Structure formats: C-alpha cells, structure tokens
Amino acid sequence: MDPMFPGGQPQFIFVPPGSVPVPILNQVPVMMQPAPFPVFVQQPTQRPMLPPQGSIPQQQQQQQHMSSMQTDYMTDDRLQEKARRWQQLQTKRYADKRRFGFSDIQKEDMPAEHIRKIIRDHGDMTNRKFRHDKRVYLGSLKYMPHAIYKLLENMPMPWEQIRNVKVIYHITGAITFVNEIPWVIEPVFIAQWGTMWIMMRREKRDRRHFKRMRFPPFDDEEPPLDYADNILDVEPLEAIQLQMDPEEDKSIYEWFYDHKPLTDTKMVNGTTYRRWQLSLPVLSTLYRMGNQLLTDLVDDNYFYLFDLKSFFTAKALNVAIPGGPKFEPLVKDVNPNDEDWNEFNDINKIIIRQPIRTEYRIAFPYLYNSYPFKVYLAWYHTPNVVFIKTEDPDLPAFYFDPLINPIAHRHTIKSFDTQIDMLDDDDEEEFVLPEEFEPLLTELPLYTDNTANGIALIWAPRPFNLRSGRTRRAIDIPLVKTWYLEHCPSEHPVKVRVSYQKLLKCFV
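Mapping of the sequence shown onto this note's numbering: position 338 corresponds to residue 338, and the numbering continues sequentially without gaps.
In short, the hints are calculated from the structure, not lab data. As the structure is a prediction and not an experimental result, all values here were calculated from the model. Heads up, the beta-carbon is just placed ideally off N, CA and C, and yes, glycines get one too. Any given hint could be a false lead.
Unchecked claim - Listed below are the simulated DSS-like cross-link pairs for lysine-lysine, each with C-alpha atoms no more than 27 Å apart in a straight line: (1) K150 x K481; (2) K260 x K107; (3) K309 x K166.
Unchecked claim - With beta-carbon atoms standing in for the labels, derived distance ranges: (4) E153 x Y227: 17 to 25 Å; (5) M213 x T272: 49 to 57 Å; (6) H381 x R497: 38 to 46 Å.
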C-alpha cells in the first residue's frame, strides 16, 4: 500500500498530458482562503541521505529528480547577498574606469577655496595637530617628484594670461597633484611657439621686461606665501600674443591663442580632445606662423653620413664623425683573432700605409674595417629634389625661378619638308583646325588660391604634412629637435658646437 500524507492525499496526482508533474512529497496542507480543494506548500526540510544509485527504486529516483527541479524559496540571507552583489555591480558600472582596471566612485568637484584652505592650514607643519599623521607626510615625499612634474607640465604658456586646472589631493593634505594632461594639437602648438619666438626676440631687443632674479628667491625658514592674501588680488601680466591680420589670418584669427582651440568644432573629435583633422587653409596659415622653428631642408642627401644609421656605425667602430658626437667604445675588449684580415694575413698582401678617412670607414664599413661589428648600411644617394621653396607669397603657383639655370639652345635643327607619295598620286589637302577649337580644360583655372599652399605643405616637415593625427602631450612635442640634427654652422662659437654634439649624443 502506498504511503499517505496526513491530509489523506495520495503520493502522486494525475496531470494533463504535456504538463510537468510537480511532486507533492514532504508537503503539508495549510489553512488559506476557502477553496474547493486543499492547497499544499513546500515545507523546508533537509534532504535525507540516500543509498547508492543502484539500490534506489525507479519510483524514488523519479521523485528525487522532480524534487530537485523545484526552486527553493528566497531566504533573508540570500536576499541580502543578492542586494550586496547588485550594489557592487552598480558601483562598478557608474564608476570611473582607471588604467589598470581599478574602479573608483565619482567624486564631486570642490571649489578652489577648499584646497586653498587646506594649503593654508598646512603652512606650519610644526603644529602638534599634525603629529599623528607624520607617517603619511613622510610617505608622500616619494611622490613629490611626480607632483612637481605634473605642476611643470601644466604651467600656463606665454600666450595665456591665466589657466585653471583640476587638482586631486590626499584627505590629510599631505600631497596635491594636478589632475590634468595638457593635450595639444601638434601643428597648432608649434605655430604658437613660432609666434612666441618672434615676440621674444623683440623683447630681447627692446629689453623692457627683463630683470635678473636672485636665487634662491625664498629663505628655507620662510613660510610659504598665502595665495588668497598675496596672489589672488594681483592682476596677472598681459599675455604675449602676436597681433594678427584679420584678413590674411582669418582661418585661425579667432581661436589661435585659446587654451584648447577648436574644441567645439568638427576639426576635433569632441571634449576628449584626442584626434584632430585640419583643413588646407588652416594648415597653410599655421605653417606660415611656425616657420621660424622649422627647417628649410627638403633634400635627404644633406644628411648623408649624418643620419641615425651613420651614428650607430660610428659608435660601433669607435670613431667620431666630423661635427658629430663621440661615444664610449661599444666593444672594449677586441680580440685580434676575430679580425677578418690585416696587413699580415691578407691573401693579396696589399699594405695600405696611409690612414683611411673616417667617412670611408662609415660609408663602407665592410670594406674599410677589419672588425665590422653591429654596423649599419645607410643610403648612398637619394633622388634629387627639384622643389624650390618660395619666399614671396604673392608669386603664382607655377613660375620660373631665377635659381634654375636656363639651358641655352646652341644648335638649331634645320627643318625640311618631306613628301609623302600616295598610292593614287593625289596630293593630300592640309588639315586646318577651326578657329573655335580650344584645348581640354580651358575653362578651368591653372591654379587656385590653395595650390601654392598645397605644394608647400607636401614638402613641409612633420607634422604640417599631415591632414589628421592624434593630440600629444605638450611636453612630448620637440620644438628645436631639427636644429641639432643638422650640421652646426661654422660661424658659431665652440660652446654652441659642444651643445650640438651633446644633444646629438643624447638623441643617438
């Protein structure tokens, strides 16, 4: 006889075809609203220990399988755990994603007076109230170089009167960092410093705002100046800006000296300020503004035996290119047995008594050196460049430059008439073009206002030969790097030549 429940219900009930049978084992009836039949709910009981799989009857296996399909009721502990996981998920979802996977909750921006008060309160660190946080202050000293670096990186440029930046500080006031990266558009930044070069040369010539400064400016025991009392009310000096022509410089006239130019235009990808794309008139005007800092060399043959591969070869051979840097020996312990040949074991017995020039040893390292180790072969020659840079902007795009030597027409070729004998001995009539005939593309102009600028930008140095690119940090953009990559002019003093060589050595 099958076991019965206390309510008198059988162990299984019949359900319509296609439905999943719900077991009612271990269920007890409860009193609810009046219903035509008793309602059963599950009673949370611990699952009994079952015998091995082979000894369980088939009916009990079916009961166990159907019991496991039924979901358990949600307890308070599980609800709390689920709420905690949901809170963690939402915190990560709406937090700021850091570089190394760290998520931080967004913090509200505080006014500038808040950080000024913290700095003013920490003016005298000998106060007794700071003795409990002494470990924090000492631990923050190792981050001081980075704080100074971020401060110098975000210094306002000469064309800016004032710059407001965001800062982040420790809750104890131990250290403060500038929390911004100065992204700039490379052509715009070089053009801005090109105008500063002109203005600073004028200032140096007039000597109006130059004054020698005595270092150190403050005594070690002197407390730092309070910003609100000494600096906040002082009017900053006027920004150094070149006066531009509204007509000639109309493409950059309105935004050239802004902090983040072109932010609200289509030339920048948006507020992130990570990509730029400039038009041809803007690039040509920027190229003209930054021409003071750019090189005029367009022929790569100028850098023969004065390029990076030649410097690598000179370092490997422990020789110095005339006008180039001097290095420490790359290979200090040279074994004579490793040499390819010398004047004693050469099969041809050719003895060269005169010294070999350094240029020959670098240009042909495998021919003029007995121990070529880690040498590089550079280009011997590049095609000649026939581009001539124009100095006068009023000249047309295509003209005959006086630098080009004309080729004289010395020998004239005598013209003679040739008779064409036709098969039928009939004279062919001469073909005459009609008067209204015109060549192709006659209605189009030979050049436009942007033709000369486009040709100049093709031969311009980087980044002015690019239409688009990514913004870079201001401190990473080289302004005068092309200067010391060239040969130092002979009229410069010795100290300038030494500076050229030291900069080249750091570059290599």
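Status of the hints after comparison with the structure:
1. K150 x K481: holds (23 Å)
2. K260 x K107: holds (24 Å)
3. K309 x K166: Violated. K309 to K166 sits at ~44 Å, over the 27 Å cutoff.
4. E153 x Y227: 17 to 25 Å: holds (20 Å)
5. M213 x T272: 49 to 57 Å: Given about 39 Å between the Cβ atoms, the range is violated.
6. H381 x R497: 38 to 46 Å: Given range 38 to 46 Å: violated, Cβ gap about 27 Å.
Hints 3, 5 and 6 from the list above are not met by this structure, while the remaining hints are.
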